[in-house]
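Student: Position 4 (the sequence shown) corresponds to 4 in the UniProt record's numbering; numbering is contiguous.
The set of hints was computed from the structure by calculation and includes no laboratory data. These numbers come from a predicted model, not from an experiment. Do not take every clue at face value.
Calculated pairs, DSBU-like style, for lysine-lysine (alpha carbon to alpha carbon, straight line, at most 35 Å) [to be verified]: (1) K274 with K305; (2) K334 with K197; (3) K383 with K408; (4) K458 with K197; (5) K334 with K447; (6) K383 with K305; (7) K320 with K408; (8) K447 with K458; (9) K458 with K89; (10) K334 with K410; (11) K383 with K410; (12) K334 with K305; (13) K147 with K458; (14) K197 with K320; (15) K383 with K147; (16) K147 with K89; (17) K447 with K383; (18) K147 with K197; (19) K274 with K447.
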Amino acid sequence: MRKPYPEIKTTAGRALRLLLAVCCLAALMSCVKYGPIYRGQVEDPAPSAGEAVAEGETGEAAPCAVGEEPESGLTGLYRARVVDRLSLKPVREPLSIPTCDMFFPLSNVEGAENLARLDIRSQGLTSWTALEDPVQRSLEYALNMPKDEPALARPGMSLTWGQVVRSLEEFLDLLPLLDSDPDLLAERFVWYGMRQKPLMTGYYTPEIEASLERIPGYDFPIYGVPDDLRYGPVRGHAQFYRVEKGSVLPYYRRGDVDIDKVLSGRGLEIAWAKDPVDVFYMQVEGCGRLRLPDGTTRNVLYGAKNGYGFRSLGRILHSKGLLADGHLAKEHVKEYFASHPEQMFELMAENRSYVFFRLENSPPEGTIGKPLTPMVSLATDRKLLPLGSLLAFEAEIPEAAGGRPSGKRKVAGIGLAQDTGTAIQGSRVDYYIGEGNEVAPIASNIKTEATVYLLISKEALING
Numbered sequence: 001m002r003k004p005y006p007e008i009k010t011t012a013g014r015a016l017r018l019l020l021a022v023c024c025l026a027a028l029m030s031c032v033k034y035g036p037i038y039r040g041q042v043e044d045p046a047p048s049a050g051e052a053v054a055e056g057e058t059g060e061a062a063p064c065a066v067g068e069e070p071e072s073g074l075t076g077l078y079r080a081r082v083v084d085r086l087s088l089k090p091v092r093e094p095l096s097i098p099t100c101d102m103f104f105p106l107s108n109v110e111g112a113e114n115l116a117r118l119d120i121r122s123q124g125l126t127s128w129t130a131l132e133d134p135v136q137r138s139l140e141y142a143l144n145m146p147k148d149e150p151a152l153a154r155p156g157m158s159l160t161w162g163q164v165v166r167s168l169e170e171f172l173d174l175l176p177l178l179d180s181d182p183d184l185l186a187e188r189f190v191w192y193g194m195r196q197k198p199l200m201t202g203y204y205t206p207e208i209e210a211s212l213e214r215i216p217g218y219d220f221p222i223y224g225v226p227d228d229l230r231y232g233p234v235r236g237h238a239q240f241y242r243v244e245k246g247s248v249l250p251y252y253r254r255g256d257v258d259i260d261k262v263l264s265g266r267g268l269e270i271a272w273a274k275d276p277v278d279v280f281y282m283q284v285e286g287c288g289r290l291r292l293p294d295g296t297t298r299n300v301l302y303g304a305k306n307g308y309g310f311r312s313l314g315r316i317l318h319s320k321g322l323l324a325d326g327h328l329a330k331e332h333v334k335e336y337f338a339s340h341p342e343q344m345f346e347l348m349a350e351n352r353s354y355v356f357f358r359l360e361n362s363p364p365e366g367t368i369g370k371p372l373t374p375m376v377s378l379a380t381d382r383k384l385l386p387l388g389s390l391l392a393f394e395a396e397i398p399e400a401a402g403g404r405p406s407g408k409r410k411v412a413g414i415g416l417a418q419d420t421g422t423a424i425q426g427s428r429v430d431y432y433i434g435e436g437n438e439v440a441p442i443a444s445n446i447k448t449e450a451t452v453y454l455l456i457s458k459e460a461l462i463n464g
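Work out the full structure: start from the sequences and follow the hints.
Tutor: As structure tokens, this is what we get:
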């Protein structure tokens with residue numbers, strides 16, 4: 001007959017282990033509810049922009065159910081974050097992360113350090129969700145590209161349009177969560193730094209005085225796209241050209257148009273401006289807003305160009321000793337021509353590039369065919385930073401006071417590659433500041449080294 005003692009000891013041992021497990025679970029739940037979880041946030045958190053608040057529409061605290069213990073702010077924040085994170089797929093780390101001559105991947109820690117420096121308020125945004133519309137525009141562009149073809153192709157590194165799409169889709173999914181949990185952007189994306197920090201310049205949509213008909217005081221034409229301007233392969237290279245008597249010829253230069261008036265009388269004028277220098281700088285920006293005599297406005301958007309390389313008018317004057325270095329902006333050029341109007345057209349003609357416009361009611365568009373977003377959209381070299389791609393950046397830009405630049409401030413936020421430019425080649429970015437002449441002193445005086453990161457979803461790198 002077996003003795004009962006071993007069974008009693010076994011049963012008692014199991015009961016003791018169960019009791020210890022229950023005690024540990026109770027202690028853990030107490031830590032979750034009252035402990036220092038997420039103490040790195042705030043002890044009594046005030047809601048940040050876009051963060052949910054347990055209040056009704058009247059601003060009064062939402063009532064608790066009878067017999068229900070009021071939930072502390074810290075516990076509510078913890079539970080909300082748990083729910084938010086549980087709604088996302090678990091983060092997977094790519095087994096290998098491609099690198100190349102132009103980009104290097106940051107570690108997760110380095111990505112988090114750079115994320116900590118971002119402040120979307122420096123872009124005039126009050127919430128991460130304000131980026132939804134511009135990101136959606138980039139996504140619509142990328143969805144129209146062949147999924148498996150390369151958006152970026154460098155030795156050792158290739159990204160497909162499908163990976164650009166997946167990165168934008170995941171960023172859109174994260175937007176409602178980023179106000180309260182910005183670390184998600186470092187956890188779920190690979191941050192690619194540019195080995196050569198790009199030069200950042202700025203552009204904007206200028207407003208100029210113009211008339212849709214030629215009337216006294218409005219004498220300088222704004223041309224639409226000529227019907228003889230063609231674009232296609234010529235001797236193995238794609239370029240703009242015209243055909244005359246069976247011969248393929250380069251299209252007309254600025255001097256041909258402004259001085260020799262080769263387009264005059266062909267009915268190509270879509271508007272007439274007061275100041276030819278304003279027309280010149282509107283061509284530099286690639287779009288504009290016309291302030292008409294009755295006070296209303298119309299937009300002119302990029303139509304085409306003649307295909308010649310761009311030269312800065314300020315630099316042209318500087319090369320001839322007419323302007324001092326550091327005083328080459330639009331306002332300095334206009335001051336010079338106000339005193340020397342007889343030199344105006346000859347000097348402008350040294351920039352042979354010419355831009356033609358189309359009259360529209362829609363807002364300024366980028367190369368992606370979608371409206372630009374002030375302080376978010378960037379013009380890039382599409383061979384380096386693909387159109388539509390998601391970027392993070394940091395730079396110092398001027399502030400403006402009294403119509404002139406005044407001091408500097410840091411802007412650090414999220415950008416979208418949505419435009420291109422003739423002069424934007426290689427390690428260059430052009431930052432879209434907005435519409436109207438009030439932003440001209442800022443846009444025209446940006447010339448600074450920027451830090452730019454290309455953000456690619458880890459899931460996109462894993463799944464291709």
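Student: Give a verdict on every hint.
Tutor: Here is how each hint holds up against the structure:
1. With a C-alpha separation of about 22 Å, the suggested pair K274 and K305 falls inside the 35 Å cut-off, and the hint holds.
2. For the given pair, K334 sits about 32 Å from K197 by alpha-carbon distance, which is consistent with the 35 Å threshold.
3. Of the supplied pair hints, the one linking K383 and K408 holds, its CA atoms being roughly 31 Å apart against a limit of 35 Å.
4. Between K458 and K197 the CA atoms are separated by roughly 23 Å; this keeps the pair inside 35 Å, and the hint holds.
5. About 20 Å separates the Cα atoms of K334 and K447, which keeps this hinted pair within 35 Å; it holds.
6. With a CA separation close to 20 Å, the supplied pair K383 and K305 stays within the 35 Å bound.
7. Distance check on the hinted pair: K320 and K408 sit about 30 Å apart at the alpha-carbon level, within 35 Å; holds.
8. Restraint check for K447 and K458: satisfied, since their Cα atoms lie roughly 33 Å apart, inside the 35 Å limit.
9. Proximity of K458 to K89 is assessed by CA-CA distance (about 12 Å); at most 35 Å being required, the pair is judged to hold.
10. The hinted pair formed by K334 and K410 meets the criterion: a straight-line CA distance of about 29 Å does not exceed 35 Å.
11. With a C-alpha separation of about 27 Å, the suggested pairing of K383 with K410 holds against the 35 Å cut-off.
12. For the hint pairing K334 with K305, the CA-to-CA distance comes to about 24 Å; that is within 35 Å, so the pair holds.
13. Under the criterion of a C-alpha separation no larger than 35 Å, the hint pairing K147 with K458 is consistent with the structure, at around 17 Å.
14. Restraint check for K197 and K320: satisfied, since their Cα atoms lie roughly 31 Å apart, inside the 35 Å limit.
15. Using a Cα cut-off of 35 Å, the hinted pair K383 and K147 holds, with the two alpha carbons roughly 17 Å apart.
16. Taking the CA atoms of K147 and K89, the gap is about 23 Å. The hint holds against a cut of 35 Å.
17. Proximity of K447 to K383 is assessed by CA-CA distance (about 22 Å); at most 35 Å being required, the pair is judged to hold.
18. With a CA separation close to 29 Å, the supplied pair K147 and K197 stays within the 35 Å bound.
19. Between K274 and K447 the CA atoms are separated by roughly 29 Å; this keeps the pair inside 35 Å, and the hint holds.
The structure meets every hint from the earlier list without exception.
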